[in-house]
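There are 2 protein chains.
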Amino acid sequence: MSALPRRCQVVVVGAGYAGLATAIELREAGVDVVVLEAADRVGGRIWSERRDGVVVDHGGQWVGPTQTRLLAWAERFGCPTFQSYDVGRHVEIWADGTTYPFTSDQHSEGPGVEDYERLEGRLDALAATIDLADPLACSSLEEWDSQTVHSWVDAHVDSPAARRRLALAVQGVWSCEPRDLSMFHLLFYVAGAGGMRSLMETIGYAQDSRFVDGAQAPALAAAASLGGRVHVRTPVSAIRQGDDAVTVETARGNVRADRVVVTSAPAATSHIEFEPALPTSRRRWLASSVMGDVAKVHLRYDSPFWREDGLSGQMVAYDAQPVGVVFDNSPDDGSRGVLVCFTYGDRYRTFAALDPGERRTAVLDVLGRVFGPQAMQPLDYVEQLWPEDRWAEGGYAAVPVPGAWLEHARDGWRTPCGRVHWAGTETATVWNGYMDGAIRSGERAAAEVTAALAAESPGAVR
Amino acid sequence: MSALPRRCQVVVVGAGYAGLATAIELREAGVDVVVLEAADRVGGRIWSERRDGVVVDHGGQWVGPTQTRLLAWAERFGCPTFQSYDVGRHVEIWADGTTYPFTSDQHSEGPGVEDYERLEGRLDALAATIDLADPLACSSLEEWDSQTVHSWVDAHVDSPAARRRLALAVQGVWSCEPRDLSMFHLLFYVAGAGGMRSLMETIGYAQDSRFVDGAQAPALAAAASLGGRVHVRTPVSAIRQGDDAVTVETARGNVRADRVVVTSAPAATSHIEFEPALPTSRRRWLASSVMGDVAKVHLRYDSPFWREDGLSGQMVAYDAQPVGVVFDNSPDDGSRGVLVCFTYGDRYRTFAALDPGERRTAVLDVLGRVFGPQAMQPLDYVEQLWPEDRWAEGGYAAVPVPGAWLEHARDGWRTPCGRVHWAGTETATVWNGYMDGAIRSGERAAAEVTAALAAESPGAVR
Numbered sequence: 001m002s003a004l005p006r007r008c009q010v011v012v013v014g015a016g017y018a019g020l021a022t023a024i025e026l027r028e029a030g031v032d033v034v035v036l037e038a039a040d041r042v043g044g045r046i047w048s049e050r051r052d053g054v055v056v057d058h059g060g061q062w063v064g065p066t067q068t069r070l071l072a073w074a075e076r077f078g079c080p081t082f083q084s085y086d087v088g089r090h091v092e093i094w095a096d097g098t099t100y101p102f103t104s105d106q107h108s109e110g111p112g113v114e115d116y117e118r119l120e121g122r123l124d125a126l127a128a129t130i131d132l133a134d135p136l137a138c139s140s141l142e143e144w145d146s147q148t149v150h151s152w153v154d155a156h157v158d159s160p161a162a163r164r165r166l167a168l169a170v171q172g173v174w175s176c177e178p179r180d181l182s183m184f185h186l187l188f189y190v191a192g193a194g195g196m197r198s199l200m201e202t203i204g205y206a207q208d209s210r211f212v213d214g215a216q217a218p219a220l221a222a223a224a225s226l227g228g229r230v231h232v233r234t235p236v237s238a239i240r241q242g243d244d245a246v247t248v249e250t251a252r253g254n255v256r257a258d259r260v261v262v263t264s265a266p267a268a269t270s271h272i273e274f275e276p277a278l279p280t281s282r283r284r285w286l287a288s289s290v291m292g293d294v295a296k297v298h299l300r301y302d303s304p305f306w307r308e309d310g311l312s313g314q315m316v317a318y319d320a321q322p323v324g325v326v327f328d329n330s331p332d333d334g335s336r337g338v339l340v341c342f343t344y345g346d347r348y349r350t351f352a353a354l355d356p357g358e359r360r361t362a363v364l365d366v367l368g369r370v371f372g373p374q375a376m377q378p379l380d381y382v383e384q385l386w387p388e389d390r391w392a393e394g395g396y397a398a399v400p401v402p403g404a405w406l407e408h409a410r411d412g413w414r415t416p417c418g419r420v421h422w423a424g425t426e427t428a429t430v431w432n433g434y435m436d437g438a439i440r441s442g443e444r445a446a447a448e449v450t451a452a453l454a455a456e457s458p459g460a461v462r
Numbered sequence: 463m464s465a466l467p468r469r470c471q472v473v474v475v476g477a478g479y480a481g482l483a484t485a486i487e488l489r490e491a492g493v494d495v496v497v498l499e500a501a502d503r504v505g506g507r508i509w510s511e512r513r514d515g516v517v518v519d520h521g522g523q524w525v526g527p528t529q530t531r532l533l534a535w536a537e538r539f540g541c542p543t544f545q546s547y548d549v550g551r552h553v554e555i556w557a558d559g560t561t562y563p564f565t566s567d568q569h570s571e572g573p574g575v576e577d578y579e580r581l582e583g584r585l586d587a588l589a590a591t592i593d594l595a596d597p598l599a600c601s602s603l604e605e606w607d608s609q610t611v612h613s614w615v616d617a618h619v620d621s622p623a624a625r626r627r628l629a630l631a632v633q634g635v636w637s638c639e640p641r642d643l644s645m646f647h648l649l650f651y652v653a654g655a656g657g658m659r660s661l662m663e664t665i666g667y668a669q670d671s672r673f674v675d676g677a678q679a680p681a682l683a684a685a686a687s688l689g690g691r692v693h694v695r696t697p698v699s700a701i702r703q704g705d706d707a708v709t710v711e712t713a714r715g716n717v718r719a720d721r722v723v724v725t726s727a728p729a730a731t732s733h734i735e736f737e738p739a740l741p742t743s744r745r746r747w748l749a750s751s752v753m754g755d756v757a758k759v760h761l762r763y764d765s766p767f768w769r770e771d772g773l774s775g776q777m778v779a780y781d782a783q784p785v786g787v788v789f790d791n792s793p794d795d796g797s798r799g800v801l802v803c804f805t806y807g808d809r810y811r812t813f814a815a816l817d818p819g820e821r822r823t824a825v826l827d828v829l830g831r832v833f834g835p836q837a838m839q840p841l842d843y844v845e846q847l848w849p850e851d852r853w854a855e856g857g858y859a860a861v862p863v864p865g866a867w868l869e870h871a872r873d874g875w876r877t878p879c880g881r882v883h884w885a886g887t888e889t890a891t892v893w894n895g896y897m898d899g900a901i902r903s904g905e906r907a908a909a910e911v912t913a914a915l916a917a918e919s920p921g922a923v924r
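Heads up: the protein sequence lines correspond to chains A and B, in order.
Start counting the first sequence at 1; every next residue gets the next number (my numbering).
Start counting the second sequence at 463; every next residue gets the next number (my numbering).
Just to be clear, a hint being listed does not mean it is correct.
Across the chosen pairs, the derived CB separations fall in these ranges [as the list claims (entries may be wrong)]: (1) GLY242/A <-> ALA707/B: 52 to 62 Å; (2) PRO818/B <-> GLU275/A: 20 to 30 Å; (3) ALA277/A <-> ARG584/B: 56 to 66 Å; (4) THR812/B <-> GLY368/A: 52 to 62 Å; (5) PRO818/B <-> THR415/A: 15 to 25 Å; (6) GLY819/B <-> ASP243/A: 18 to 28 Å.
Over the 12 Å line for every Cβ pair with chain B, so calculated as not near, a few chain A residues [unchecked claim]: (7) ARG51; (8) ASP208; (9) SER281; (10) CYS417.
Computed from the model, here is a short list of chain A residues facing chain B with C-beta under 8 Å [claimed, not checked]: (11) ARG307; (12) ASP309; (13) LEU354; (14) GLU407.
Since the hints were derived computationally from the structure, they do not count as laboratory data.
We treat Cβ as the ideally placed atom computed from N, Cα and C, and that holds for glycine.
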């Protein structure tokens with residue numbers, strides 16, 4: 001490992017998409033930057049592993065057409081994408097074992113579909129009342145932030161099947177249960193993504209495409225472009241602000257800087273000692289941001305055999321099985337078959353409480369019911385339980401609890417604290433919780449910092 | 463400061479009531495114990511300061527007749543108590559400026575009193591369905607933990623005035639707003655206190671009596687009885703478990719022990735590094751426990767002049783003023799007059815955002831309206847903003863967010879993690895959130911530890 005510099009203009013804490021975007025923007029403004037990453041790799045909650053020639057995305061993986069900042073990175077760093085496999089029949093399973101086929105063009109004939117679609121339309125209409133330029137100005141902020149999504153649904157949705165569909169949507173998008181989510185946060189997030197369909201659907205929407213070399217590829221290329229400025233295995237223990245500088249402490253030595261941008265996930269940020277202490281609003285916002293619970297399980301086969309049966313590989317389980325949703329995650333050329341299973345919220349907890357052998361059996365049982373006995377004989381089985389990740393402590397993103405937006409966001413969400421600025425996908429308005437939001441947050445923080453540096457010393461930035 | 467021992471049987475982290483109770487119980491079982499306290503004093507969220515001859519309780523202060531463990535400590539350590547002043551007229555103020563007198567025997571004629579009393583009865587009946595020996599067995603756990611108190615009230619209480627009264631009760635008891643509180647947590651807490659009246663009322667209930675020398679007096683006496691075993695100014699940075707011992711790290715050196723009992727407030731606990739990492743359920747429970755926001759302001763006068771006007775000094779403000787509730791906090795002999803003002807939840811945030819001069823003016827304005835111009839000329843004005851406290855980071859207690867009881871409590875609430883045990887008022891069933899609950903939690907944890915030590919080595923405990 002190269003030695004840490006003693007001095008730089010800006011220290012960026014965290015080398016996920018937010019931290020890398022911050023550093024790249026600052027470099028382009030001529031700012032001398034150092035990136036400190038706690039883990040042994042860059043990418044944060046995005047991690048692509050090559051296993052026997054096949055790329056497995058253990059974390060975030062998709063890119064959609066309105067995620068224009070991530071697409072710009074894909075272009076800039078030469079990381080090709082390909083459309084998700086969306087041919088053939090998807091399958092939904094209900095608690096009584098009944099299955100219904102559906103496709104992206106043809107709705108399921110399962111229960112509650114029409115009620116659920118009306119519900120999505122209603123949520124979109126409510127979300128449209130939130131101005132992303134000033135979400136706290138929303139006239140219904142107090143009403144919506146005072147209740148869980150569970151309570152809102154209880155009061156406004158009659159159809160039990162539509163409720164069940166929305167619960168799965170909440171699990172899939174926020175990796176928590178409707179009881180964990182403030183109604184305001186749901187609507188804010190929907191607004192930033194451009195609507196419920198944009199979050200939920202595949203081709204043309206958030207799950208449109210994947211990266212040929214994995215979703216970590218742009219992060220790896222971005223880190224490479226920063227040369228020796230990115231230091232992995234360097235957890236920050238303390239950030240101490242003085243009158244004219246800030247000192248970032250690590251076990252590998254301290255770095256003094258004019259400004260710091262903290263981009264780490266909220267759980268990791270809460271382990272950093274700040275001096276002076278962060279303002280109460282910022283501490284409360286962080287303490288009120290609770291990570292979702294999600295695991296991804298990848299299974300590899302010789303080929304995507306389900307395609308021969310006219311199946312897309314997509315499955316949605318409305319029953320109590322540990323698996324919530326399955327996608328065909330095969331490589332671009334279809335040379336192997338890969339299924340990815342997601343489990344989240346209550347189902348995650350049931351899943352994680354099993355021992356590894358039981359977990360594998362539970363996953364194979366579900367896949368066997370839908371894709372046949374061949375699905376029960378994978379060549380590779382690998383699982384990633386994000387709550388066990390040392391630095392992220394969960395996934396996909398931290399969710400503010402009811403009341404947090406109303407009570408703590410005005411000063412605590414992302415307002416700089418002296419020489420300390422904030423980025424990370426949780427500080428994004430557009431595509432909050434996604435890689436695209438992370439990049440946007442880094443670009444916003446970099447603009448804050450360059451403005452601050454220029455104000456202090458006009459020659460500091462180009 | 464005396465040197466830390468290198469080795470002991472049990473390290474107790476925190477010297478609030480929970481930590482002191484743990485240590486005292488362990489000593490009585492013949493266990494060699496060391497108590498490490500981060501702050502420069504014992505007592506935790508209980509802190510009595512003598513100001514110009516008058517004891518000011520900046521934190522918890524009352525003791526009630528069913529708080530039998532705290533009363534036993536008062537007796538044991540020779541700390542006299544006296545009944546709270548509850549003579550004369552209390553006053554409630556509404557948003558339109560209307561005031562209504564009331565006494566402990568005579569209800570206010572203000573709006574919503576009867577509806578509110580029915581509501582208290584209903585809450586008591588619901589709370590009575592929770593078995594404190596196994597709160598998670600409650601058949602309505604999922605229903606109640608999926609909604610905020612705000613939502614439950616919205617669905618079940620028609621009278622706006624009764625809702626307003628309950629909001630003030632929530633602020634007063636939990637120092638947060640109804641939107642912040644899970645309905646299950648409210649009912650669990652009510653069950654552990656023996657009913658809503660038990661929480662809310664003065665003589666015969668939770669606010670029955672005060673300590674002549676302040677509520678910290680029993681803690682100081684308890685610490686003294688532990689001799690040199692209590693070490694203040696000793697924050698714990700890490701707790702590392704090995705196969706046959708656990709090492710507690712501090713800047714003053716490390717202590718090896720057979721067991722550790724962590725009794726610190728959740729915010730302080732979250733700053734400790736644990737190796738191995740705590741189980742996800744415990745981390746999630748801590749991350750889902752958010753401190754309330756409360757300040758206490760004490761004002762001293764030559765005499766309790768309001769008593770001469772037939773006023774008790776008790777005031778309840780239903781309007782938007784920063785002050786929520788005022789009590790007569792004069793010393794036992796009435797030799798001086800002291801009023802204490804509480805502000806919490808949204809009102810706390812409004813209050814804390816003012817500069818100190820504005821805060822004082824705001825408090826004096828309210829007191830002047832009820833107690834006359836004399837109230838605006840205090841001899842002493844002192845405020846304690848608990849969210850700014852370095853170690854507690856709020857008060858009175860941490861409140862689990864909606865969903866936390868259901869999702870994380872079974873394994874995460876207080877289940878020992880290897881050689882690490884848990885106490886603190888947040889782990890109590892009876893009088894959770896109170897000094898009495900803190901003592902009970904320490905006694906429970908000490909029993910766990912002595913059983914574990916005896917199982918490992920029969921001669922380890924008496």
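- Task: State the violated hints by number, sorted upward, taking the hints as numbered earlier in the document.
- Result: 1, 3, 9, 11, 12, 13
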